[in-house]
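**Q** Protein sequence lines correspond, in order, to chains A and B.
Basically this note's numbering = 1-based index in the first sequence + 10.
Basically this note's numbering = 1-based index in the second sequence + 10.
It is worth saying that the hints were derived from the structure and are not from the lab.
Fair warning: there could be bad hints in the mix.
Which copy is meant is left open, so a pair is good if it fits within one copy or across any two.
Claimed, not checked - Once the Cα atoms are required to be at most 25 Å apart in a straight line, the calculated DSS-like pairs of lysine-lysine come out as: (1) Lys41 to Lys97; (2) Lys354 to Lys255; (3) Lys111 to Lys230; (4) Lys174 to Lys148; (5) Lys97 to Lys235; (6) Lys235 to Lys111; (7) Lys354 to Lys41; (8) Lys255 to Lys334; (9) Lys148 to Lys235; (10) Lys193 to Lys395; (11) Lys334 to Lys193; (12) Lys41 to Lys395; (13) Lys41 to Lys235; (14) Lys41 to Lys367; (15) Lys368 to Lys41; (16) Lys136 to Lys41; (17) Lys334 to Lys41; (18) Lys174 to Lys334; (19) Lys395 to Lys111; (20) Lys193 to Lys69; (21) Lys235 to Lys354; (22) Lys136 to Lys395; (23) Lys136 to Lys97; (24) Lys334 to Lys97.
Every value quoted in this text rests on a predicted model; they were computed, and no experiment measured them.
Number of protein chains: 2
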Amino acid sequence: MSIQSFQAPQRTLMGPGPSDVSSRVLLAMAKPTIGHLDPAFVGMMESLKELLQYAMQTKNALTLPISGPGSTGMEACFVNLIEPGNKVIICENGVFGGRMKENVIRCGGEPIMVSDEWGQAVDPNKVEAALQAHPDAKALAFVHAETSTGAQSDAQLLCSLAQKAGVLSIVDAVTSLGGTPLKVDEWGVDAVYSGSQKCLSCVPGLSPVSFSECAQGVIKGRSTKVQSWFLDMNLVMGYWGSGTKRAYHHTAPINSLYALHESLVMLQEEGLENSWARHAQHHQALRAGLEAMGLRFIVPEAARLPQLNSVTVPDGIDEAAVRKRLLNDYQLEIGAGLGPLAGKIWRIGLMGYAANKKNVLFCLNSLESVLIDLGTPLSGGAAVKAALAEYSE
Amino acid sequence: MSIQSFQAPQRTLMGPGPSDVSSRVLLAMAKPTIGHLDPAFVGMMESLKELLQYAMQTKNALTLPISGPGSTGMEACFVNLIEPGNKVIICENGVFGGRMKENVIRCGGEPIMVSDEWGQAVDPNKVEAALQAHPDAKALAFVHAETSTGAQSDAQLLCSLAQKAGVLSIVDAVTSLGGTPLKVDEWGVDAVYSGSQKCLSCVPGLSPVSFSECAQGVIKGRSTKVQSWFLDMNLVMGYWGSGTKRAYHHTAPINSLYALHESLVMLQEEGLENSWARHAQHHQALRAGLEAMGLRFIVPEAARLPQLNSVTVPDGIDEAAVRKRLLNDYQLEIGAGLGPLAGKIWRIGLMGYAANKKNVLFCLNSLESVLIDLGTPLSGGAAVKAALAEYSE
């Protein structure tokens, strides 16, 4: 047996995430590892919390990155807030509502499903009806930005319905954080989780979470132990809490946290509003180009996420063959459809660092070339021309 | 608010982990991020599994890194193998036996504790008695190399007792993997977990695990769902299983996995037996130097881990002040005692890449200088001299 060092190819990542990571973030991650109780590291943790509070627009003290991917952030919210027998109203309009349901079941809770078609936003009327029908529900959980479809739901409105009904709100902001407005305090979000590898353009493997005062009270007042030792926020806070005295809980993923810190410093430098505007601007150019190729968006305009563009595959085209050509000939990754949308759509990401003019033009040009090659009747250059027209407006 | 990029200091890490990471591993981690379903990445995953099988000396197909720190590997073993009502015999001779107990309780299982003094190996006679007293136990769980004390238990013997009694063996090999012999197949280990940041000298944040055929059968035959969605091996295998078709489960921590791959390539280049011998050699030199300073090991020689050296703090010395001086004046990290050993011992790690002559001499010289400075009656140079004598034998 003799396995060689891995040589990673240089791709352009325009799928549903991970997104392109800047060299600043990659180099931050390559800095020397230090101890998880080193005073220098503890200082970095404090900055990191502050940067996350800014990104999430919250003053919640319990704001920190879970040492695992987005799925651990989701699980952290459910295992800490839900106890056996608790009812949770879950909105399902894509993959991640289904994952929430699995989490609630595994906590011994009772999921009450509110379903909308994949590609649509969550319907607030259905949510209101479910809250009325289940006055004993403990929480309302929904996905702000559905990565599997590209649909954005009205998180502010949904959280206000939860508050009116006196239930906790649990929000999946994996794909929204940094790309579209997310205002945790203003909207009254009780628990929110995100991922490092989407619009923050950090490496995958970390999940920022935040819990409101009210949610913290619920966690402290539980009558049963949190079923996960690793995700028990009562224990995690012994390490991430304030002050210089930190109790060892688990060994933090030091270098990945360097990377998250750097990606958040970059977000702070750009400014949150500027980042949202940049995502919107490049989305408009990409949209114009995709439409010029005759590709149709599956999400109605009002609910469309700028950072995740789901478009239908033209009739007669083998979508997997197109993605394979893009990857092999252009080193460009775009995403496939999931579940009922498998084989029917492409998901083109414009997340964080990857949301730039070069990527938009490169993606349009590459996709158009491949489609023409496969016999689609398009006139070359139309897509890029449409995008450029959008940029010059 | 204006937070700057974090500048990590360059430390020498000789605590209980993380250990020093080589620049090869740091640079591997800084390679461009690619997608978690990219064929190039899937190929890397296959190599990684093979490298882990070599490091753990196993042919188990279910051998992979969990996308979280060592604690998630521990939790993965318990939540997958233990169901409510199951009895688990747990050996406790340090911090991590206590953590196992917490895991079993949170799974609804019943922990049967077998206790030994901190600093001692697990007593096989007590384990045999517990197995006889509890013929209905489902598993025996113990820590191979206790990071909190530096004691190694006879994993081979303990696993053979488990096999004789017809119960599963669950082994914590966080600090042993790569540093001292661990032979999963030969010893008949059913479930084992480790950490990336100890003797593999990778960055923290990943937990290699391996499950025997028998353990896999137990997982497949459960009557209840695994309580953690994230750690459910039935789902994880859809992504890590063999073949080119991988089902998305969670987004893998791409860059951290590059780092683990590179650290395992380095282990393969050195050879597992050579790595074990290197740890033993440098331990002997460090031991000679520490004893020349009058410091005493708390672990009896036969059970002493070469990679974690726990020695008593001299009378009248403020141990925290010594560690602070070492960190500030020498950029050297050594570890403190935990639990009943807090304030009484230092834990000096010689793990992976950090187990080298330069570190041994540097550590001895620095510690001796600080102790002399604090008024300990030592003749400068004695420690290094004793270590050098050991090297020249």
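**Q** Could you figure out if Lys193 and Lys69 sit no more than 25 Å apart (CA to CA) within one copy, between two copies, both or neither?
**A** within (11 Å within a copy, 50 Å between copies)
**Q** Given a CA cutoff of 25 Å, do Lys174 and Lys334 count as a within-copy pair, a between-copy pair, both, or neither?
**A** neither (49 Å within a copy, 52 Å between copies)
**Q** Treating 25 Å as the Cα threshold, decide for Lys41 and Lys367: within, between, both or neither.
**A** between (30 Å within a copy, 23 Å between copies)
**Q** With identical chains, the pair Lys193 and Lys395 could be close in the same copy or across copies; at 25 Å between alpha carbons, which is it: within, between, both, or neither?
**A** neither (36 Å within a copy, 62 Å between copies)
**Q** At most 25 Å between CA atoms: does that hold for Lys41 and Lys235 within a copy, between copies, both, or neither?
**A** Neither way: Lys41 and Lys235 sit 38 Å apart in one copy and 41 Å across, limit 25 Å.
**Q** Give the relationship of Lys148 and Lys235 under a CA distance limit of 25 Å: within one copy only, between copies only, both, or neither.
**A** both (17 Å within a copy, 23 Å between copies)
**Q** Since the copies are identical, ignore which copy is meant and state whether Lys136 and Lys41 lie within 25 Å (CA to CA) inside a copy, between copies, both or neither.
**A** Answer is neither: 50 Å inside a copy and 46 Å across each miss the 25 Å cutoff.
**Q** Indicate which option fits the pair Lys235, Lys111 if close means a Cα-Cα distance not exceeding 25 Å: within, between, both or neither.
**A** both (21 Å within a copy, 13 Å between copies)
**Q** Classify it for me, Lys136 with Lys97: is the Cα-Cα distance of at most 25 Å met within a copy, between copies, both or neither?
**A** within (17 Å within a copy, 45 Å between copies)
**Q** For Lys334 vs Lys193, is the C-alpha pair at or below 25 Å within one copy, between two copies, both, or neither?
**A** The answer is neither: 38 Å in one copy and 41 Å across copies each exceed 25 Å.
**Q** With identical chains, the pair Lys395 and Lys111 could be close in the same copy or across copies; at 25 Å between alpha carbons, which is it: within, between, both, or neither?
**A** neither (44 Å within a copy, 64 Å between copies)
**Q** For Lys368 and Lys41, with the copy left unspecified, which applies at a CA distance of at most 25 Å: within, between, both, or neither?
**A** For Lys368 and Lys41, the Cα distance is within 25 Å only across copies (21 Å; inside one copy 29 Å).
The structure fails to meet hints 1, 7, 10, 11, 12, 13, 16, 18, 19, 21, 22, 24 from the earlier list, while all remaining hints are met.
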